[in-house]
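Sequences listed follow chains A and B, in order.
For what it's worth, the UniProt record's numbering labels the leading residue of the first sequence as 1, then goes sequentially.
For what it's worth, the UniProt record's numbering labels the leading residue of the second sequence as 1, then goes sequentially.
Treat the hints as calculated values from the structure; they're not laboratory data.
You may find that some hints are simply not true.
[As the list claims (entries may be wrong)] Ranges of calculated distance between the beta carbons of each label pair, as one might list FRET restraints:
#: 1; chain 1: A; residue 1: Asn-298; chain 2: B; residue 2: Arg-182; range: 28 to 36 Å
#: 2; chain 1: B; residue 1: Lys-126; chain 2: A; residue 2: Glu-155; range: 40 to 48 Å
#: 3; chain 1: A; residue 1: Lys-84; chain 2: B; residue 2: Arg-182; range: 32 to 40 Å
#: 4; chain 1: A; residue 1: Lys-84; chain 2: B; residue 2: Gln-161; range: 18 to 26 Å
#: 5; chain 1: B; residue 1: Gln-161; chain 2: A; residue 2: Ala-350; range: 49 to 57 Å
#: 6; chain 1: B; residue 1: Glu-389; chain 2: A; residue 2: Lys-277; range: 53 to 61 Å
#: 7; chain 1: B; residue 1: His-311; chain 2: A; residue 2: Gln-201; range: 50 to 58 Å
#: 8; chain 1: A; residue 1: Asp-3; chain 2: B; residue 2: Asn-387; range: 57 to 65 Å
#: 9; chain 1: A; residue 1: Ser-170; chain 2: B; residue 2: Ser-239; range: 43 to 51 Å
Note that CB positions come from ideal geometry on N, CA and C, so glycine has one too.
Letter by letter, the chains look like this.
2 protein chains.
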Amino acid sequence: MADYITFDNAQALSYIEQLGEFFEPNAQLTCNEFGDGNLNLVFRIADQNGNSIILKQALPYARCVGESWPLTLDRARIEASVLKKHGLVCEQHTAKVLHTNDDLAITVLEDLGHMAILRSELNLAKTYPKLGADVATYLATSSFYYSDFYLKPAEKKALVQEFTNPELCSITEDLFFDDPYRACERNNYAPELEADVLRLQQSPQLLRQVAQLKHLFFSAPQSLLHGDVHTGSIFADQSDTKLIDPEFGFFGPIGFDLGSFIGNLLLNYCAQNGRIKETPKRRQMQSYLLTQIQQCLNDFENIWLALAAQHTRDLSLQAPGYAQHFVEQIIKDALGYAGTELIRRTIGLAHVVDIDGIEDDSARLQVQKQALLLGEQLILHAEECENKESAYQLIVSLIQ
Amino acid sequence: MADYITFDNAQALSYIEQLGEFFEPNAQLTCNEFGDGNLNLVFRIADQNGNSIILKQALPYARCVGESWPLTLDRARIEASVLKKHGLVCEQHTAKVLHTNDDLAITVLEDLGHMAILRSELNLAKTYPKLGADVATYLATSSFYYSDFYLKPAEKKALVQEFTNPELCSITEDLFFDDPYRACERNNYAPELEADVLRLQQSPQLLRQVAQLKHLFFSAPQSLLHGDVHTGSIFADQSDTKLIDPEFGFFGPIGFDLGSFIGNLLLNYCAQNGRIKETPKRRQMQSYLLTQIQQCLNDFENIWLALAAQHTRDLSLQAPGYAQHFVEQIIKDALGYAGTELIRRTIGLAHVVDIDGIEDDSARLQVQKQALLLGEQLILHAEECENKESAYQLIVSLIQ
């Protein structure tokens, strides 16, 4: 058992050379670290022929608003294990794990550098036609195969234990569900938003719905989640989509992942109001985002129901109409979680560059007000949506 | 570490003598085994002055309908640990654990022999005025203090792992939610009930509601349950009530325990129609049972809300009105679970002597038909109950 040390370029290179698995014996390897260094080191090791792999190492702390925040190295194990589990059932859209070392908190991954991180691309108004469908395939497939519909009960209980992730769940519990809804020094917003923030914090109905979403996050191990499906965790190109970075993975409510994704597309939708000045171009981009949301909701439901119809192993859960009812509840939950994502990314600790990158103060404030209102209304009306169509109609009616 | 052996009287006595904790050094001890020997051995060790304790040892199998069914000894650890955890927050109504030995699957308990097992007493039409209130206190207190409202999230996640109980949960998953709703050789009912059984098995609405209750049982670790609150797990006398035997304990939906208790009182209510011939005496007993159910629902809600108002540690779950909403959902769940208990105890593998002990075949069949219909209607209408009053009114309207 090796003791943990933080790698530099030379150590990362030497580690990969010693494994001897990924390159020709006499390859001339180079290594460079290109992560943002907040939570993890990310090295690219490449040979002279353009073959490359990624070595990711978890740091024992998070650098966050200037402070150092100790953070378990066990998240490297969780992240690699979630990728492996999701890869087993949805290889197409899951980054491939090539090697792991829990003691060194290391994961070696396929290099997806030929693709682009979705968030940056959306901010450049680039579009990916398969996005909504691919994410739906990933979310529906991974959540079905690790749910009670498919797993044997004892197998599922063992996986719930294996993927217990208290430290990273605690970050979500605090940042998503607590901080934005009360005076908290971690919150981060302009004074001009104070009235909007107070409106949220003083709405008993909203606080009650957020409590329900938080309780579900605590106590609904429906399936093995990615846990952090924002547009910075997605690689895309014109023909494919890959999910990375599930270090927040745990058994939780399926709607959380779906809602995080939808919430991030909606954050980008709002942001475009402050980014793209020409109306037709802006409308085109926003229409693209809505289409992806609609596609994602449709495909998620269709794939889930098809899998449930064919592969539900649990006798009782085969009851006619139950899977449909279950998916409709997931979609309601997803709308609520999308709302919490919009709110926490606007006034909480961690923002998105989609909005913060808007240079004009007044335009940025308008976008933030829209995101807050949209988040609030999604949370308040989520439970009224009977199905995916009414869920999509709610989004459209609130945003346009 | 001792290897597991099955004790006889002499070994149980000698084990207690060697511990040297419970009796005077020169006490003259006697020991006799009086369990039914199906799942556990139960020894009473007493001295010449009437002091006594119980030594309970789990057997590595269940003798059930003539077969031997291997069963984990880990259930002794679970049972003793649940008693200790519940005893910490509700000492008054939890059997006291004096000693445990996981290797030998042994628990030493206070002797509650001065009290009586509730099921036998109800079958003799004996009444215990504090029953509903005491069980409500036990269920509300134990379920509040091990819920997300009170426990710190990391502490709760660790306890969920510690109380993972796949083998015993699997028995409930099968016997409560699967077997009764399909042709299954473990089912056990008279041919005269075939039409009633088919009605249940062919009702899509019922099967869907049962699927939902089963999914909640799988994936709603709301609190640390007893897991088997039937009237054979309750000791009572005129001044007190004690819960025993939580070997099915795990983190599950709070309504399951409350519903199991209500379901067992309703089974006894139905049974009295075949037991007590004199109408006034029968009505008196049945009115007693309904009063206890009403008291239990009222006190459960009041105690839970009072604890939540004073002791909710989670910031988000303190939202105004959320605890009320949460308890109302528990009560809905409880009605559903009560329904599944009525059905599975009537046509499934494990019956209750309340009904099976009715000698007259025709009277027993009438009772069984009533129990099935009541169970079915409770499951179908549970979700319509807005609060504890309407839950009680539903029960009354269905039973009288």
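### Message
Quick check on a hinted range of 40 to 48 Å for Lys-126/B and Glu-155/A, using CB atoms only.
### Response
holds (45 Å)
### Task
Could you check the hint for me, namely that Lys-84/A and Gln-161/B are 18 to 26 Å apart, CB to CB?
Given a distance of about 21 Å, which is inside 18 to 26 Å, the answer is holds.
### Query
Taking the beta carbons of Ser-170/A and Ser-239/B, is their distance inside 43 to 51 Å?
holds (44 Å)
### Task
Take the C-beta atom of Glu-389/B and the C-beta atom of Lys-277/A, compute their distance, and say whether it sits inside 53 to 61 Å.
The hint (53 to 61 Å, Cβ to Cβ) holds, given that Glu-389/B and Lys-277/A are roughly 59 Å apart.
### Query
Asp-3/A and Asn-387/B, beta-carbon distance inside 57 to 65 Å?
holds (58 Å)
### Task
Determine whether the Cβ-Cβ distance between His-311/B and Gln-201/A falls within the hinted range of 50 to 58 Å.
violated (23 Å)
### Task
Kindly confirm whether 49 to 57 Å is satisfied by the beta carbon distance between Gln-161/B and Ala-350/A.
violated (29 Å)
### Query
Is 28 to 36 Å right for how far apart the beta carbons of Asn-298/A and Arg-182/B are?
33 Å Cβ-Cβ, so the 28 to 36 Å window holds.
### Query
Is the hinted range of 32 to 40 Å satisfied by the C-beta distance from Lys-84/A to Arg-182/B?
holds (36 Å)
Figure legend: structure checked against the earlier numbered hints; hints not met, in rising order: 5 and 7.
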